[in-house]
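Asker: Please assemble the complex out of the two chains, which come individually in their own frames, going by the hints.
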Amino acid sequence: MNDWRKTAAGAAPDIPAEDVEKIVPIMEALERTFEPLRAAIRQGADMWTPE
Amino acid sequence: MTGTMTISEAAAGLRARKFSSRELVDESLRRIAQANPKINAFITVTEESAKARANKADEELARGMDRGPLHGLPIAHKDLMMTRGVRTTAGSKIFADFVPDVDADVVEQLDDAGAVMVGKTNLHELAYGITSNNPHYGAVHNPWDLERIVGGSSGGSGAALAADLVFMATGTDTGGSIRIPSSFCGTVGLKPTYERISRGGVIPLGLTLDHIGPMARSVRDVAASFRAMLQAPSRHGDLSAPSRQGDLQAPSRQGGDRITVDQPGYIPPANVDIRGLRIGLPENFYFDRLDLDVAAAVRNAVQTAAALGARIVDVRVPDIDALNTVGRVLLLVEAVSNLRPHLHRRQDFGADVLALLDQGRLLSGADYADAQRLRRIYVDEFSKLWTQVDCILTPSTPTAAPKIGQTTMQVGQAISSPAGDAAGVTEDVRLATTRMMRAINVLGIPSLAMPCGFSASGLPLGMQILGAPRNEDMLLRIGAALEDAVGIRRPYPVLFS
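Protein chains in written order, with this note's numbering: chain A, 15 to 65; chain B, 68 to 564.
Looking at chain B on its own, in the form it has when it is part of the complex (with noise of 0.2 angstroms):
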């Protein structure tokens, strides 16, 4: 049931009755027993309340009170979200045993629309990685090849809607984490501007890089969700420290005011016009050091756009290279700040995540204010863009999911690159699939990730469309545009047979 419907479909059965939002949620438990022992998505399943909250949730719609489309629908969380008296470990050994007393504004406003938080879901450590394997929960199993990484660091989220487990799942992208996952499990994922979701009640990472957004099966699923986090503004004003974890400092909402009640958010129409719009196409970085199917896989969407009246812009984007150079000394210096208290727990931090923290402690004040003074050089220089063109599609990773463990890959020959490597490179994974992500945190724009295809061998490929600050909607248009035109993503993994 769960696996074959959208948030729209599920919220019109539950109205006509089809089904209660208890059934919904017995199965989506159900699905998760028998799906986690392989995929490892979830650490934490929270069986009994979230029937309870079911049973309310049947109770509420039973007397006329309708919260809106995630209404009774099962629903996940990072387990980098506080959750009041559910466990919160941030994939970390430091917080294995932090109960939070509060829950983070996005968990409020998502139980405020009536969705149903089945369990929380597994990550990179401390949401610093993009493989997922995470030494002190165990690995993601991909639910597309049990041997490949999910990506991360929104893993488990990832691998729980390509599972059907659950209809939305909360992410957080610092570097790529929300859009990663989306890439290698053929999910949608919408990293929203900076701040146009609340980080209050979020573990931090990277205070001025942490993104907050929503997961799903579809645009228009991740449309709806998106919605019900924008909502409503933060009731907390700043959390106080958590009480059991005394040396964690909960993050304020930073610029505070900026956070307050959006616009309703976009749904996108049926048959959605997307006639006249600009979209860019990178001449330069974005197709160089690429799998030939991916290339491939991005071009057929660019002519989709095309051939649905969109206007095709070829673009020059800014050095890249160099916006991800200082989104690497911005964050190694930044997650340095947030577990500066536990740093003397060295036997407590997996290696990968222990060598950043300690690449981060070499770095200086004045490298760290220069960063942001080129951050702010690039920023201007990248908006110019916006004149030219409404959105920029691009690549999200340049090969599908690489295999668990695989610290080096090939990829492929390098399509507009001069110098045309025809037996491709090797890479570093981690630097090959931040690669065009990192600098989409910089720049704080809004990218919305989605399938566009599958490798030969199967694998599912993805692609971001870049829009402008807070032009979400845009993207949202564009995406469920390209999504009607090819379809909802087929086949499914078969991973219950």
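Chain A extracted, bound-state conformation (with noise of 0.2 angstroms):
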């Protein structure tokens, strides 16, 4: 699991300590079902790109 906070301490201009504790947890959720995505992913696939 990504360390979110780490990840926020390095943003600029900065996140205040107490928005990135109300966002910490949405991230954490959206990982826990993004991450599993990544395993349809084949090398070599490409990126989406417009009709």
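Hints are computed from structural coordinates only; laboratory data are not their basis. Predicted model only: the values in this text are computed from it and were never measured. Careful: at least some of the hints might be erroneous.
Stated by the list, open to error - Listed next, with one range per pair, are the computed distances between beta-carbon atoms:
no., chain 1, residue 1, chain 2, residue 2, range
1, A, ALA26, B, VAL553, 51 to 59 angstroms
2, A, MET61, B, ARG537, 17 to 25 angstroms
3, B, ASP168, A, ASN16, 41 to 49 angstroms
4, B, THR71, A, LYS36, 42 to 50 angstroms
What the hints assert, rightly or not - With a cut-off of at most 27 angstroms between alpha-carbon atoms, the simulated DSSO-like pairs for lysine-lysine come out as follows:
no., chain 1, residue 1, chain 2, residue 2
5, B, LYS118, B, LYS105
6, B, LYS118, B, LYS85
7, B, LYS160, B, LYS470
8, B, LYS85, B, LYS123
9, A, LYS36, B, LYS470
10, A, LYS36, B, LYS160
Idealized CB from N, CA, C, for every residue including glycine.
Answerer: In structure tokens, the structure reads:
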């Protein structure tokens, strides 16, 4: 699991600590749903482009 | 007058000289003055320029110059569309004093079609949300129940239509922002195929997710508006950054070569025929976690389509939850990219928008690239459905409009979920309301949102018809047939009594 507080500490301009605490649970939930999806990406798979 | 006519009826009345454009516009302005203190649909009303434009429209018609069905009709633009010489706030404090020196392409196209802009509509701040509870310009109130939200982000456009203030309004849709207000307001909205309508001159939120489209009070009104928005290519080329907002990157026409003159738009004829068309009814996802009255209204529409001769085909849709997750990652990052020059002005953002921007700042380039790679996989997977069906019919929102200020809501009993949670579940309003919306922006396919009934408490309920890329005509055809079968929405909200 990513350390979102550490990531936020490197943000510029700063994100105030109390605001970081509000979004950490959201980021953790997003990570839990996004991370498993990456397994479907095959080597060399291209990005989406408009038709 | 405005509230009782469709666009084609008004167009016929103007040409028969039963009334003038100036009379229509004066009535629209009068109704706005009466309704706006209650519903807050407009941020700016352009009374003087509207009257002058209406006079010009009348003069043109008198000398035989006919610009088409929208000629002389009062319309509104979402205040995300740049309007030359008219303040364009994006519902934001950041752009509170932004007066563009160019028109957005759609503004110019609708002006060329003879439409008369009477004002700029309120929206969720920066189009980044679905309630239209705007912290800087006030909440938009739903004409069906003033204590309820209109949805967003094109909430002012939805409210203006529901209150019969204009014949059509423009909207944008990055994760449901045309379709959600259409659902909550009992109006019709078209989110076309990605880039089918130019994004030039529209303040961007998510560059690969933003869609521009028409909102109106009937399917054929939407079709007429869509045609006008398609008719002309951009004459701007790339828009330069507006001079008074040096750090705003004006959107260029991404993939501009693709935005060319399209085929003339399709207006569904009377007695439109849908016999033999294959309408997909999802077996999975779309009827989970849904209020019972929404499910019943959508299934009634499906039965109506079957009675009209359409063939109903059960389909299994790919993983919509995964698509929604991909869409969230894309939008979180793209919004930061667009608003990065303003991130130091934290105090000038509303709390919800600021939290979303903070989230986007924590994601990495690899996260974004992976989301776009996943998007390609899901788009390819979803496109296989178009060999089985001509369109897919789903609910738009899982409930009727929640109350203003409500952050969570009880979503009714699951219908098709094996778990069958009879008590329903408590969900975040934003996530629940975008659940059936966001994936469609990731796919870039067209969706026609339209009313399908009323809740037990008399609030509008909505459904959406999805189609293959560039197949808007099919959606309009099916939508018109269903609308003809059940009648254009009635009753109207009683706002002026």
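Asker: It remains to establish, for every hint, whether it holds in the given structure.
Answerer: Checked hints:
1. For the pair ALA26 of chain A and VAL553 of chain B, the beta carbons lie near 55 angstroms from each other, so the given range of 51 to 59 angstroms is met.
2. Here the CB-CB span from MET61 of chain A to ARG537 of chain B is close to 21 angstroms, well matched to the stated 17 to 25 angstroms.
3. Distance hint check for ASP168 of chain B and ASN16 of chain A: the Cβ-Cβ separation is about 44 angstroms, which falls inside the suggested range of 41 to 49 angstroms.
4. Between THR71 of chain B and LYS36 of chain A the CB atoms are about 48 angstroms apart, so this pair conforms to the stated range of 42 to 50 angstroms.
5. For the suggested pair LYS118 of chain B and LYS105 of chain B, the alpha carbons sit about 24 angstroms apart, so the restraint of at most 27 angstroms is met.
6. Among the hinted pairs, LYS118 of chain B with LYS85 of chain B is consistent with the structure: their alpha-carbon atoms are about 18 angstroms apart, no more than 27 angstroms.
7. Distance hint between LYS160 of chain B and LYS470 of chain B is fulfilled; the C-alpha atoms sit about 25 angstroms from each other, no more than 27 angstroms.
8. Using a Cα cut-off of 27 angstroms, the hinted pair LYS85 of chain B and LYS123 of chain B holds, with the two alpha carbons roughly 17 angstroms apart.
9. The straight-line distance between the Cα atoms of LYS36 of chain A and LYS470 of chain B is roughly 24 angstroms, inside the 27 angstroms bound, and the hint therefore holds.
10. Restraint check for LYS36 of chain A and LYS160 of chain B: the C-alpha separation of about 23 angstroms stays at or below 27 angstroms, so the hint holds.
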